[in-house]
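Engineer: Kindly produce the complete structure, drawing on both the sequences and the hints.
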Amino acid sequence: MPRSEEIIPKIKRQQIMSMLAKGERLDGRRLDEYRPISIELGVVEKAEGSAMVRLGNTISIAGVKVELGKPYPDTPDEGAFIVNAEFLPLASPTFEPGPPDESAIEVARVVDRGIRSSGAIDLKKLCILPGEKVWVVYIDVYVLNHDGNMMDASGLATIAALLIAKMPKVAVKEGKVTILDEWVPLPVVNRPVPVTMAKIGEKIVVDPSLDEELVMDCRITVTIDESDRICAVQKGIGGSLTVDDVKYASKLAVEKAKEIRKALPPLPSIEDVEWIVKEGQ
Amino acid sequence: MPRSEEIIPKIKRQQIMSMLAKGERLDGRRLDEYRPISIELGVVEKAEGSAMVRLGNTISIAGVKVELGKPYPDTPDEGAFIVNAEFLPLASPTFEPGPPDESAIEVARVVDRGIRSSGAIDLKKLCILPGEKVWVVYIDVYVLNHDGNMMDASGLATIAALLIAKMPKVAVKEGKVTILDEWVPLPVVNRPVPVTMAKIGEKIVVDPSLDEELVMDCRITVTIDESDRICAVQKGIGGSLTVDDVKYASKLAVEKAKEIRKALPPLPSIEDVEWIVKEGQ
Amino acid sequence: MPRSEEIIPKIKRQQIMSMLAKGERLDGRRLDEYRPISIELGVVEKAEGSAMVRLGNTISIAGVKVELGKPYPDTPDEGAFIVNAEFLPLASPTFEPGPPDESAIEVARVVDRGIRSSGAIDLKKLCILPGEKVWVVYIDVYVLNHDGNMMDASGLATIAALLIAKMPKVAVKEGKVTILDEWVPLPVVNRPVPVTMAKIGEKIVVDPSLDEELVMDCRITVTIDESDRICAVQKGIGGSLTVDDVKYASKLAVEKAKEIRKALPPLPSIEDVEWIVKEGQ
Amino acid sequence: MSQLVRKVERPPRLIDEEGRRADGRKVDELRRIKIEVGVLKNADGSCYLEQGRNKIMAAVYGPRELHPRHLAMPDRAILRCRYHMVPFSVLERKSPAPTRREIELSKVIREALEPAIFLEYFPRTTIDVFIEVIQADGGTRCAGITAAAVALADAGIPMRDLVAAIAVGKVEGQLVLDPMDLEDRYGEADMPVAMMPSLGKITLLQADGLMTLEEFEKALELAMRGIKEIYNKQKEALREKYLAIKREVEVT
Amino acid sequence: MSQLVRKVERPPRLIDEEGRRADGRKVDELRRIKIEVGVLKNADGSCYLEQGRNKIMAAVYGPRELHPRHLAMPDRAILRCRYHMVPFSVLERKSPAPTRREIELSKVIREALEPAIFLEYFPRTTIDVFIEVIQADGGTRCAGITAAAVALADAGIPMRDLVAAIAVGKVEGQLVLDPMDLEDRYGEADMPVAMMPSLGKITLLQADGLMTLEEFEKALELAMRGIKEIYNKQKEALREKYLAIKREVEVT
Amino acid sequence: MSQLVRKVERPPRLIDEEGRRADGRKVDELRRIKIEVGVLKNADGSCYLEQGRNKIMAAVYGPRELHPRHLAMPDRAILRCRYHMVPFSVLERKSPAPTRREIELSKVIREALEPAIFLEYFPRTTIDVFIEVIQADGGTRCAGITAAAVALADAGIPMRDLVAAIAVGKVEGQLVLDPMDLEDRYGEADMPVAMMPSLGKITLLQADGLMTLEEFEKALELAMRGIKEIYNKQKEALREKYLAIKREVEVT
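Residue numbers (my numbering), protein chains in the order written: chain A, 1 to 281; chain B, 1 to 281; chain C, 1 to 281; chain D, 1 to 252; chain E, 1 to 252; chain F, 1 to 252.
Calculated from the structure, these hints are not laboratory results.
Fair warning: this is a prediction, and the values are worked out from it, not measured in the lab.
Among the hints, erroneous ones may be present.
[What the hints assert, rightly or not] Here are the computed lysine-lysine pairs in the DSS-like style, where the Cα-Cα straight-line distance is at most 27 angstroms: (1) K203/C / K70/A; (2) K166/C / K262/C; (3) K228/F / K251/C; (4) K203/C / K169/C; (5) K133/A / K94/E; (6) K70/B / K94/F; (7) K176/B / K94/F; (8) K176/A / K10/B; (9) K94/F / K124/B; (10) K41/F / K203/C; (11) K173/C / K133/A; (12) K133/B / K176/C; (13) K169/B / K176/A; (14) K235/E / K41/E; (15) K176/B / K10/C; (16) K246/D / K233/D; (17) K173/C / K176/A; (18) K218/F / K258/C; (19) K218/D / K46/A; (20) K203/B / K176/A; (21) K10/A / K218/D; (22) K46/A / K26/D; (23) K203/B / K41/D; (24) K46/A / K70/A; (25) K10/C / K41/E; (26) K133/A / K251/C; (27) K94/D / K70/A; (28) K133/A / K133/C; (29) K218/D / K251/B; (30) K247/A / K218/E; (31) K10/B / K246/F; (32) K34/D / K94/D; (33) K133/B / K169/B; (34) K173/B / K70/C; (35) K41/D / K12/A; (36) K124/C / K176/B.
Structural biologist: And the structure:
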């Protein structure tokens, strides 16, 4: 974490805690209330899919690109995806240019686990020639303004961008791959939604603002899939949780994810879609 | 730019400016006069081509190597070339070991643009198997002593090294490439010459020395090809130019390039040269 | 070298030197005596071979992995091996996390030269398809606790790990390589042993402890093969040696290596071993 | 990794008989420009700019303290600049790490903005300019400079003048203003220019491709005309922002 | 480089009819654990831990001075943590450089240990925890935390409680304690948990795979049972070390 | 990237019946050596050396202030050394970034020069030695040391003695002085040695390949003879430089 964020404003902490004791938050929200969420789809036409998410003043943009590549040796019949997250220096006075630091890597990996555990992308459909050629889906997430809860903003931008992504059909003939000029949806079959909560004193609040993050004791993200199942959990920041905290947080996450999912595009209809046309076989 | 160069010697600036007002320079040159240029060819026998250029006390050495490689996907029927420039720590007390900094990258890219825009290397001739195997020309430029105008010293060393470079012929038979023990010239068909000028106060001088660079307001490099056409321009250093400055500089560049080109080796005669012998087709 | 090691404890140096004058060492050893050596074999079952060596309180662990790879272009009919050495930050208060520094690289390269010069690994036997596919042997050496003479601890761990390493047999049929479920020894045919000595004042001691290294003037490592031949020499640390020092050190190394080699596993019996089964040829 | 080549195919003509370009523009016509001021809450100044399909976000932090301190200048602020493209801003995914091109452009953009800023007012500090290309379609360094200058003004940094920038291209032998990616790719030359328009000073000038001296001079004139238009749009966007603030203040 | 795939094949059943796992354990049974304290001479505290085929070395240096100094905190020590796997610890050789996984795990392990340490006792210093995975067979982050907590105690760092950690997996629909690599690879979910056992506080919690709310709560309970067992083994190992020292002191 | 193998083919014999080597030398004969002093204007001292086809440029800066300061030593100068090969110095292009070989050689070269320099005369400073291999043909570390010692003297750094270096090789069973690349490549052993010749002190000693104890001792003797010749050439080059300066001073 950047240095200046480490200096915990003690007075602000007391103010926030005494409000929380009365069930109130600095910005007027209920403890279990998200800030306004806006999801702008397709903001980058050159990307296969893209979305800009605003969570209050926090802004994340995600873009999806697909490229041909080799499969991993242990999954020769599956495509692959890679999530990269960066906190841009224009997003906060405390962010510096350079490769992703541990916090950005954590966001990327938690977003990745949500997608992976929920099987959100049907990777088998992205295999062109088993063991030799598959589609690789690159998901890049950039935080443009940091006002707390970059995790949920980034996770939502990612799944939104995937849901509307279009990729080219390919034809395979005698081991030769041709990219066709026909576009099909990415095979997305699940919509994991991350729900991040902060523990401040004895209280748990959902979607912490930057002010709340600066004074929180602990953070927990629970990602929930289309069928209300937990698909990823991440406790973050020094500090600890009780077992009851965790149980409360997981139930709250299920509830919130259901709400938020309504703001997402629907799953693409892929029943009759053919991604790879195998010719002359 | 290295730190100690940032401390502009104000007294020296005044001295230089008052001389320039009288049309004079510290080292006795006219404003539009280059320092003595010496070009030593073939200094590194193990390179395909090489040249050491001295511009006064500035010394640059360029070496050319060719290697087999893959073409870029968007130019499957062309070879490629890569220019790398480094300012060696032995060249100046302000240079430090490490990967090229922004100034060295700028030199490499301006030299690259001169070669590329003028089509100095006929890249089509370097294609062996379209989409699969081509020659890649590596040009490495090293500054050994920095006394101002590393740009022109590096650009001249590069084109001189290319002009005398020899590469092996190859034979292609049923998709198999064999390197032959026969050497042919690199297909060089144009000789771009960079001309760098400095603006100091209201005056423009050509081929600035280090003393002049330390006090200059602005730098402009105009690269001129065999047919007196502009093939690359680069304004450098904070500071600004008027439109008249630019017009003057471009005209001066055409004139100076013509002079300097005389010191370069002639274009290789390549009319009957065969680079790739396609057998049994 | 890490900073705190640079501050030579002058008092300790005097103490050590006056003891050496009497033929004694701080820890009671004779000048030509090693600390107790323990070699634990096969400590990491998931590695093809592994060994942990304790030289007094210095601990090195080496692990061997084999992977399929491409041969070097100038040795198309040989497998390859790569030695990597790292000084872990848990080994000493002066070691920091990060890529290997010059001292760790030196250890890796001296260990490598011992193996390479003595032909310890019969690389021809590791060639599967000449010019295309060979076995690459990765040797990673990690220092876990640094109490002096990491060179010998690392060199011994390496050769011990290689001596007991098992690798899978492969079958080649029409250019296709299949890994078989049959394990054969790595083709190890020589056992180079590094012997490191320190010069302190006018005396030479074998297997310097950390205390001795902190005050030594010079270091010399002489690696000796199965037939008492010198296969690698490395003088290290500023300071100098006389010709007589070097002659003494090389003779002592031959003697010590012979002793130490007894603690190593024997050469694997490989007379009837087949590494690559060429089918249908 | 990929063998998949993504590029827009060259149309048979880049300029038709009536002098219209592939996107319907005349040769001396700018793309549609949209400038929004103050779009990022954390930055001291910011600007979102669309120029055709280019989408650029610029932010300014500073003047602020500099770490490590020995890099600071006793008599003026230093200006730092980063031009960066997000990986999905172009058809072929770009690696997130800065390329040599991005390092060079960061340098020349910094040098294009530097002459406009009264750096001597803020000794021992840094002013940091961050330009993110969200989508690229030709001319992003110029669009980045235009946006950064607005962000600097939005941050209240005292300036001699705004800096406005535009490229001129040469396509099928004709000079065109504000070339898009298609024209860059298949054109014969490209010349980005930045100026302090009311002072008539050129602060960035680059060119590649082949131009005669005459073409070069004509290209300069064309660039100056484009820059004037851009300059007006910059001033308009800044005026609107202040009118909006004024309205807000008056209401409350 | 390599095309050679090394993985343990999935056996037909991961849990047999009698509820036995591939290595003979019951679903709620830990692997054999061996803890040695103070095994490295240079470190201020150290611990070697075997948990099944996992082999972990942990070392602690500090509290000690921090370079560069501006990273130090005026009111407390900082805790730094590095989790690293040696290249030959796994079937497929791992590159020696830290992967993104190792960087993330270093972070969450640090955050799992932090709440237990009285960092405020040692302002302006650093406490450094190094965890080396010598052999990995599933659950190494938990084993690393368990070992690091012992090393911290061995270094005499004042702590609110030890931290003990264990993972719970979901395999063929059943929750299993302390999954090994085979079960991780072919299982449906994995949930590592760390706690300060006597305080009942969770300091690390991660999960991937799919679990219903009910399964998640049951997994938490199972983890707590495992953690209690681990905790006892940690205390026993530390007690033995001090008895050994005591014996040594009494003898001399 | 390249599959193109460039190497000089092994001739049928490396030493003919008359004891002549591939380039006509006798087994105990050095290559032609040319030493120029003070060839770079900016450096405090410099030397250009040719030894056969080896072409080496060495420069010295210092004693000078060291950044960051905490690396400085209170009681002496530190010596820093960089040995680097330009990419086109060898048949197969070398990547410009330092290889592990170059890092190791930088270390041993530094350690070879260190004993000769009165570092204690210049506390808190650094002396920087840069060696660039412009063309390599075997024995470049030795040639680099020879050149660096001359550059140090040219910089006026007080030294106990010059350092001169040469390699001895073993080729077709015979020891040869100053092996070239061809002999290195196809020879059986290579042993680079550096000495302070008038003090009889060895400051660099490396070897690879196989040698018996007897061969090793003979190789040492042969190296010492070569070093003496090199030493004379170093002194001669320095003398000439000072005579040239003297002439210049007398003229003016």
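Engineer: Please list, smallest to largest, the hint numbers that this structure does not respect.
Structural biologist: As far as the earlier hints go, 1, 4, 8, 10, 13, 15, 19, 20, 21, 23, 26 and 31 are violated by this structure, in ascending order.
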